[in-house]
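Chemist: Sequence:
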Amino acid sequence: MAAVKGTLRLACSPGEARIAVFENGTLQDFGIWTPGHSDHLGSVFLGRVTALAPALGGAFVHIGLGEAGFMPVRDNDPALHEGDAVPVQLIRCGMGGKGPRLKRVELSSPATEIGLIQLGPSPLEDMAQRWTGDILVDHPTFAARVPSPLRDRVKLVQQAWTDDIHDAVDDLLASDIALPGGMRASITPTPALVAIDMDTAAASGMAGLKQTTQFALNRDAFPALVRQICLRNLSGAILIDPAGLSTRKRQALRDPIEEALKADPLKARCLGITALGLVEIVRSRIRPPLHEQMSSPHGRAMTALRDVVASCADQPSSRPILEGGAGLAEALSSDTLAVEDVAAWCGYPLTLRCTPNLLSLSWSIVRG
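Residue 360 in full-length UniProt numbering sits at position 360 of the sequence shown; the count goes up by one each step and never skips.
Hint data in this document are derived by calculation from the structure and do not stem from the laboratory. Watch out, some of these pointers could steer you wrong.
Unchecked claim - 25 Å max Cα-Cα, derived DSS-like pairs, lysine-lysine:
no.	residue 1	residue 2
1	Lys262	Lys249
2	Lys210	Lys249
3	Lys5	Lys267
Please construct the entire structure, taking both the sequences and the accompanying hints into account.
Modeler: This is the structure we're talking about:
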């Protein structure tokens, strides 16, 4: 996709910048950048083969992260043995309980130690390739972290997000969404696929809409629905049940669906309309979907730190103490940059108490 004019707006908090592109009253793009907790997409490692898996067509490779990645091996690839060192690139993040996907690469210079060789591009760098406008940053700590090739686009502002942007981002975690023409859609991710049910009930106000009207409502809703799929980074198999159309009429939706999918940077494909009339879409799994990111231990930890910052702003004379469950405390211990950032926002270091009687990823804020 060619780059498009658009402003990247970074709402910053300890350890995290949430990046929004909001143009013409609509959220067009969204990403999360956590410099102290890279997802390592595109990073190059020297790995070590821990197990061969011929039945799966590959091998498991330890790259110095928490879990081994899977590397497909083709018949004409050089032979591998357990214990071999092999340079690899991470091409798909771990998600859905599965480890990362790797591919074998060649190095320009030899490496000897297992672990990271070259860090891949951050979500900010990826988004900056898609959008050519200014990069508005609302905290100097993150302005200083913007990679040098992008520095000339950075403008430090007091507030990067408006209330409309906050509302649009909050809505990305809702399962029920509004679409043009009074349409609605219910989004249900499952381990196997993402199910999306479209409905015209609110649009019609009565039963029995003509098929031509139902078709137009579905057709006109698809660009907004595809945008939601991209914003939420829903991927893998996606099945959409259009509203109120006969199976025969649904076949005609394929062209407008394929047109809407042209806006997807991951180039999702419509595979057709099934015998049951479901629209079948496949979208590459590259990074975890937004709901998985936000509910992960690290995602919950970043939300907790935003609460700490809000508490500091509400009562600046009193230092808050973050009490967290064991999982939350462990997630924070893995991102020391985020913990250190609290002082830049609040003026003093984070006080964290691991509280066994709290649920693993829950927290509360108390006053010292």
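Chemist: Give a verdict on every hint.
Modeler: Cross-check of the supplied hints:
1. Lys262 to Lys249: holds (22 Å)
2. Lys210 to Lys249: holds (12 Å)
3. Lys5 to Lys267: holds (20 Å)
Hint violations for this structure: none, all hints satisfied.
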